[in-house]
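4 protein chains.
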Amino acid sequence: MNNSERPLILCAPAPRTLDLIFSAEALCRLQAGYEIVETDETRLPALPDEVLARASYIIGQPAIDEALLSRLTSLRCIFNVEGNLMNNMPYPLLFERGIHVVTTTEVFAQPVAELGIALALNLMRGIVDADLDFRQGREKWGGEGNGDARLLYGADVGLVGYGGLGRALHRLLVPFQTRLRVYDPWLPRSIIVEAGAEPTDLHSVLERSDVLFVVAGVTSENQNFLGAQHFASMRKGASFILLSRADVVDFDALIQAVRSGHITGASDVFPEEPMPADHPVRSLPGFLRSAHRAGALDAAFKKMGDYVLEDLELLDQGLPPQRCKKAERETVQRMRSRPVDVN
Amino acid sequence: MNNSERPLILCAPAPRTLDLIFSAEALCRLQAGYEIVETDETRLPALPDEVLARASYIIGQPAIDEALLSRLTSLRCIFNVEGNLMNNMPYPLLFERGIHVVTTTEVFAQPVAELGIALALNLMRGIVDADLDFRQGREKWGGEGNGDARLLYGADVGLVGYGGLGRALHRLLVPFQTRLRVYDPWLPRSIIVEAGAEPTDLHSVLERSDVLFVVAGVTSENQNFLGAQHFASMRKGASFILLSRADVVDFDALIQAVRSGHITGASDVFPEEPMPADHPVRSLPGFLRSAHRAGALDAAFKKMGDYVLEDLELLDQGLPPQRCKKAERETVQRMRSRPVDVN
Amino acid sequence: MNNSERPLILCAPAPRTLDLIFSAEALCRLQAGYEIVETDETRLPALPDEVLARASYIIGQPAIDEALLSRLTSLRCIFNVEGNLMNNMPYPLLFERGIHVVTTTEVFAQPVAELGIALALNLMRGIVDADLDFRQGREKWGGEGNGDARLLYGADVGLVGYGGLGRALHRLLVPFQTRLRVYDPWLPRSIIVEAGAEPTDLHSVLERSDVLFVVAGVTSENQNFLGAQHFASMRKGASFILLSRADVVDFDALIQAVRSGHITGASDVFPEEPMPADHPVRSLPGFLRSAHRAGALDAAFKKMGDYVLEDLELLDQGLPPQRCKKAERETVQRMRSRPVDVN
Amino acid sequence: MNNSERPLILCAPAPRTLDLIFSAEALCRLQAGYEIVETDETRLPALPDEVLARASYIIGQPAIDEALLSRLTSLRCIFNVEGNLMNNMPYPLLFERGIHVVTTTEVFAQPVAELGIALALNLMRGIVDADLDFRQGREKWGGEGNGDARLLYGADVGLVGYGGLGRALHRLLVPFQTRLRVYDPWLPRSIIVEAGAEPTDLHSVLERSDVLFVVAGVTSENQNFLGAQHFASMRKGASFILLSRADVVDFDALIQAVRSGHITGASDVFPEEPMPADHPVRSLPGFLRSAHRAGALDAAFKKMGDYVLEDLELLDQGLPPQRCKKAERETVQRMRSRPVDVN
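Protein chains in written order, with the numbering used here: chain X, 10 to 352; chain C, 10 to 352; chain E, 10 to 352; chain B, 10 to 352.
Read the hints as simulated data drawn from the structure, not as lab findings.
Keep in mind that a hint or two might mislead.
Identical copies go unnamed one by one, so any copy, or any two together, can satisfy a pair.
[Unchecked claim] Straight line, CA to CA, 30 Å or less: simulated BS3-like cross-link-like pairs of lysine-lysine: (1) 245 / 149; (2) 245 / 311; (3) 149 / 311.
Bound-form chain X, shown alone:
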């Protein structure tokens, strides 16, 4: 095939890079099957009309205004490989034209879920402090060290959010035979029931959980929606594990609830990243810190490229993408998670 026969892809994956999201082998396949034009948000509008008119796909989420969109006459799909949908495109126009906007965020579900399970078990068994004590000759042996230790088996577990990450967590929780309650206002109850969990309201999921995972993305409606009174309503000694976005919680209130000893906590996300050097969360007892590392594994990034290639193949045959997640008219403009700066 010469270039003009292959579908043209505009690549502007910042802050990702093609090398980050495609393995060497996958990049070869991409280059063999497609005409690649590497660009970025700034240079994109300056591309010749002829190139823009031939572009079938965009990898990345560069800002696109109506004028630019009108020049992208063949565009069929935008692969947002960052994952958070910024408000920098005329989404209604995209949907009207039937241009798919898809994200590859699902690649993070398994890595984040694995860290989530680890953080839960760590909090329930005091593993980090036990190792530190052992290093320092202060360890307690056997049952003497297990005063607060609890099993995940049979525990009451709550999920706030039941998207890809919530479902990945659920899968890992199945053999622990937990009683799983789920709060997700965007989902029909029966989907949760069929999955083997119990749909419930926010109030109940907070009050009745031994372990609570917060895996909901930030929307225009749920910023800071978990505050002091919510933490106070949790069971004494319960574990609160934040895996999605810091903006859904009042972080100071969370710190206070942990400091008071009412709950224990863990988080992979923080209101500022990096956090200030003197921030009190750094020395907060009863709290585990993960520096936004839950998902950012090389294996996950490379899966992004694989997902893109699989959906390109379907799109090339005139079929809808199935592997990446389609943004939807109703929700795209409600999402408010900040994009990452660091991969």
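The hints should help you fit chains C, E and B onto chain X, whose structure is shown.
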């Protein structure tokens, strides 16, 4: 019922106590249904013949010699609630008389398996050191901190031993979709295959695992059976997790293999418990330490009592015990795990 | 609420009826929450502009032309409760306006899958003929009657199609520990792999299956796509089970392949329904017949109404429907399954 | 090895034969590893003392009296490949000497469970009669033919008995998300609970099941234990499926309960096998008949030989058998199932 109508139980559960292994409610049921004679190894032989002759059950594993056994004319079952079978009874005679010797060790399978999964995920994701770094302002954010991070999903996992603990681990591993290899020379291959794992030899399970769990008890044949050459045969960067008994490994060789950076490691058991204050394992990088706390949860101890009550009920009806694990003629004298001093 | 405050639904569910798809309780909820205008394809265009302009939803798939659509100014979702998407609406215009077209076909997945498993086991064990023989005193006892009997456990199973029905079958097959191959050209391979099956081509799924389930809908591309040479490529003695639409197979060739003894077969769907009284399939040995009864259970119909109610609730909140399946621009016009006449 | 070095096996597998239970390859392995003496119940006592004294194993269950046993001085295990423990050996003496008596009945669990699921689905969906109607041009199409049809999904299911067969059924039932109640008086409740079912009494399992599987063996205590009043206590329209032994039910009462239309039924076992030509069960509507074919598949018989070989290997190493099921002192003499005449 007056005393003489209820079956008589000799209780000598040291180092456990009845309060440790029976919940208040379970103890009530025990006392209501049985005549309880609390005793210990020293006082047991001094009990009147009439009491010994009426004893249907023993809870504990006091030393019993042939003379004492001949006085225990009604004995039907010994509930060993410590779990390690000491060589302090004439087992062949017990079996000849059809007296069951059962252990309650299965209660530890789930708690130890949960810790095992946590240790594996901790090693694969560097969670403990990441939290310490964060405390000290040295954390790395996002992918920058994930250089060595790996997923458990899809990993090659090995089990050395496939008893109750190995099976509990397997159950928790299922949703991680690992490729699971099992080495257990006491089991037919087809049992492992039907369970969904791959029976293999020691050599292969060492060489082909990203994560290796050692969950085999100590026998007369396997003391120190894992040494320097075994650790050397493991994959670079693999994780070695010891959950059963320290005596199955050459512990110095394990420390050396971790120190060299060839493998990472974690252990719940140690050659001396407690370990000397200046032992090098305390400061060993790449190693996680748990002070024999994996199983010793109150929930597990209380389950012992529940198991005993359920099997007593069957035995009272002339049925064999099903809940506790029966010791067997062939293997009872091969077991060499040291009993615990601390619960 | 008075009528004008409640969202208006145009109900034209033929050939279904509201009583068929809503339980008494669900119908109450529908009537309480919505203004219901019962109509049909013929009367719909004659409704006053004011009514059409207020209609938020349609239940049914009445013919809609562009003129009618232009009067449905508030329309947000069409609930197709028949399930097969007829070419009687300007779908591109609907999608351009962001009007959802959704189907409730998923309600049939579980009932059809259950029948599918039953048909497979019946063919593998000869259950129907064994019962007939027993009635007539010709039964063979024990192993003598099991000459051709086979287990589903561990068998090679193939699925042609991996939509809702294919996945429901897969779930039921899991404990049989089959080796499952899937052919579905509309799906990325990795989705099939992650689900625990093996993506493959049509050729392989035919050649390597002991039991083959055909669960693909009819499209403009796959009519009669399974013919004599395909049946010939199957394993001697394999079972062919047709659960989706008769038009995907060359039915005469299927009958011939079964009659020759090369394969056994079962079908829930037929080229004509009802079949002629003298059709040879009626007396075909090695073949099981189900008169399009696989899905049509009252429990399934009532679930349609529940699905509609759940998605109405989401739509009322400005959220996208999640419970019913959304039709997609790319595939809606490819589907060619005939609608049912009989419920 | 010459003969005298290989362990000697006395083979008296009637009514099985070595060819039935060993594949060609397995028989080779048996003959290579062991000295085989083929005999039968009649000739066994006439074997030279020297041969009897060298016999380590017996395959079969020939009658053995105390005199004969005293000559079998090296005997370590009897492999009962028929499966029903006849009262033709001095079991107490065997157990006293530590001679294992093991059965290979587990090989039938999966085949019988598969037939059980098929019978249940057949009864719930009327599959056999629907096929007959179709043959005869009387079929009803779609929902019209599904008046009584029910789903297994979500149904109340009961098991009477929870041995190997009950557990195999349970595994197959899991994806149907049934509510499973189990009655098994020989098992601790917690084993049933941990397996994910609900332990209950006989009364409840009868009253609360939509589908009831009877999978209990016959004992000295449960002959005919299910009679007219039990069937009357079942739900109207429930399905009764008998898979173990006819002697546990009052068969005439079962027939009457089905004839009255109160329940539907299916059975693989009958009070006489074969049944008389004019027995009313042959024409009983609402009943499915299987002529003791549920387990007798060649694949199951061959697995017997595999099980024997695997346990021989363990026994040769001084380990206890694990693959076959050990008979137990307490229960061996309670079992009363009749041996089969036909394989």
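Going through the hints against the structure:
1. Taking CA atoms no more than 30 Å apart as the test, residue 245 paired with residue 149 passes inside one copy only; the shortest distance there is 24 Å, against 32 Å between copies.
2. Taking CA atoms no more than 30 Å apart as the test, residue 245 paired with residue 311 passes between copies only; the shortest distance there is 22 Å, against 41 Å inside one copy.
3. Taking the shortest Cα distances, residue 149 and residue 311 sit within 30 Å of each other only across copies (21 Å), while inside one copy they are farther apart (43 Å).
Violated hints for the displayed structure: none, as all numbered hints are satisfied.
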